[in-house]
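Engineer: Protein chains in written order, with this note's numbering: chain L, 1 to 208; chain V, 1001 to 1240.
No wet-lab data here; the hints were simulated from the structure. Please read all numbers here as calculations on a predicted model, not as lab measurements. Among these hints, one or two may not hold up.
Computed beta-carbon distance windows for the label pairs [unchecked claim]:
{"id": "1", "chain 1": "L", "residue 1": "E97", "chain 2": "V", "residue 2": "E1199", "range": "41 to 47 angstroms"}
{"id": "2", "chain 1": "V", "residue 1": "E1137", "chain 2": "L", "residue 2": "R204", "range": "40 to 46 angstroms"}
{"id": "3", "chain 1": "V", "residue 1": "P1223", "chain 2": "L", "residue 2": "G116", "range": "20 to 26 angstroms"}
All C-beta atoms, glycine included, are put in the ideal place defined by N, C-alpha and C.
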Amino acid sequence: MSIMELNGGSCVAMVGKNCVAIACDLRLGNQALTVATNFSKVFPVTPSTLVGLPGLATDTMTVWEKLRFRTNMYEMKENRKISPQTLAHLVSSTLYEKRFGPYFVEPVIAGLDNSGVPFIASTDLIGCINFAKDFVVSGTASEKLFGMAESLWEPDLAPEELFETISQTLLNAVDRDAFSGWGAIVWVVEMDGSEGKVTKRWLRGRMD
Amino acid sequence: SYSFSLTTFSPSGKLVQIEHALQAVSAGATSLGIKAKDGIVIATEKKSPSPLVDDSMIEKVALVCPNIGMVYSGMGPDFRVLVNKARKSAQAYWKIYAEYPPTRVLVSEIATAMQDATQSGGVRPYGVSLLVAGYDELTGPSLWQIDPSGSFWAWKASAIGKNMVNAKTFLEKRYNDDISLVDAAHVALLTLKEGFEGELTASKLEMGIVGLPQGKAVGPLAPPTFRKLTEAEINDYLSM
Chain L
1 MSIMELNGGS CVAMVGKNCV AIACDLRLGN QALTVATNFS KVFPVTPSTL
51 VGLPGLATDT MTVWEKLRFR TNMYEMKENR KISPQTLAHL VSSTLYEKRF
101 GPYFVEPVIA GLDNSGVPFI ASTDLIGCIN FAKDFVVSGT ASEKLFGMAE
151 SLWEPDLAPE ELFETISQTL LNAVDRDAFS GWGAIVWVVE MDGSEGKVTK
201 RWLRGRMD
Chain V
1001 SYSFSLTTFS PSGKLVQIEH ALQAVSAGAT SLGIKAKDGI VIATEKKSPS
1051 PLVDDSMIEK VALVCPNIGM VYSGMGPDFR VLVNKARKSA QAYWKIYAEY
1101 PPTRVLVSEI ATAMQDATQS GGVRPYGVSL LVAGYDELTG PSLWQIDPSG
1151 SFWAWKASAI GKNMVNAKTF LEKRYNDDIS LVDAAHVALL TLKEGFEGEL
1201 TASKLEMGIV GLPQGKAVGP LAPPTFRKLT EAEINDYLSM
């Protein structure tokens, strides 16, 4: 058994027309035993950017706290919110710092930059960035997520359509994965004027 | 080795070492910077102690990173050390964020290095004042002065060094918020000419400009905005 499969959990992010969506399941387990059904792996970084951290749960929490520290300092020092592209590089360099004793998370980043242009990316556990144009997947159900996303995703989906697409992608993938599931949350980010507007919705899937 | 600071307060609340450092700055060759609506020009005199010195090898205007450059008045060797620190700081920032720092952020880091030398054991303050010119997406072009104390602030136009008082008076008259980069370069040379003994030629000057980014970014890197002018370009401005 791999350390990345101890706690279980998955994330996915997708690009739409002037919007992005990111979603994760809610399971926290200890191998086969389910310990919690309210463990979200996605965290907000700015009003228009979120990061998902599936993997070993202790590292999910620690990497989030480290990122929160660094992005808060960035905001105070530079007097501006960090853009999603810059955040991706910050996540990458933070993970590479631990190259020979890594954090066991494989992050997924989604957000809209200052001009409202959608951006998604994912990295491996040592910080290699994947700049995808369509979707990114991560976690114990990643192979199933790849299959679902590849079939369901199409370009220029409106926010409501993107919500449906990412929800079906996540739900049907985690339903076939023993280590992910027990509920899900989906965030859809769009621009409301010059501010980011985030809509958060809970999904009920198979509760097993 | 010393573990106590050599820069200590006088009864009147002054740091005498910093006052002396400012004297070193005032004894140095004049440099100036002018912020135009589409960029910044920084310039300095390059006065060699003897005609035998190969002044084409002197570097007083330095590139720090593609969007930031700086010039100084005061002690050359101290400037060299600070340029290296500034360059390293810009690269360290790039290593984390894959972009170069906004001007204000880099200025703040240089200023912190200079302040450290006023409150650390066994060191003296840096004998230079710096004029840092840079471009970033957030604020556009900005011009900053950093003093030996480590304090920094932004200017629309300023001069430091030997002739700074007259130069600033001259700049006050000639400056307006709408000045173009080309006019600013011309004014910069006129200002330096005022305080120069003898004939001002391109070989006795160094100029750098921060322009707006030209064209689109190539890959992840933003197009560079700072560059030093060649002797030929300075000649063109002198004959304007």
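Engineer: Check the following: the C-beta atoms of V/E1137 and L/R204 are separated by a distance inside 40 to 46 angstroms.
Structural biologist: Roughly 43 angstroms apart at Cβ, these two residues keep to the hinted range, so it holds.
Engineer: If I claimed the Cβ atoms of L/E97 and V/E1199 lie 41 to 47 angstroms apart, would that claim hold in this structure?
Structural biologist: This hint is violated: roughly 56 angstroms between Cβ atoms.
Engineer: Just tell me: holds or violated, for the beta carbon distance of V/P1223 and L/G116 against 20 to 26 angstroms?
Structural biologist: Check passed, 22 angstroms falls within 20 to 26 angstroms.
Checked against the numbered hints given earlier, the structure breaks only hint 1 and satisfies all the rest.
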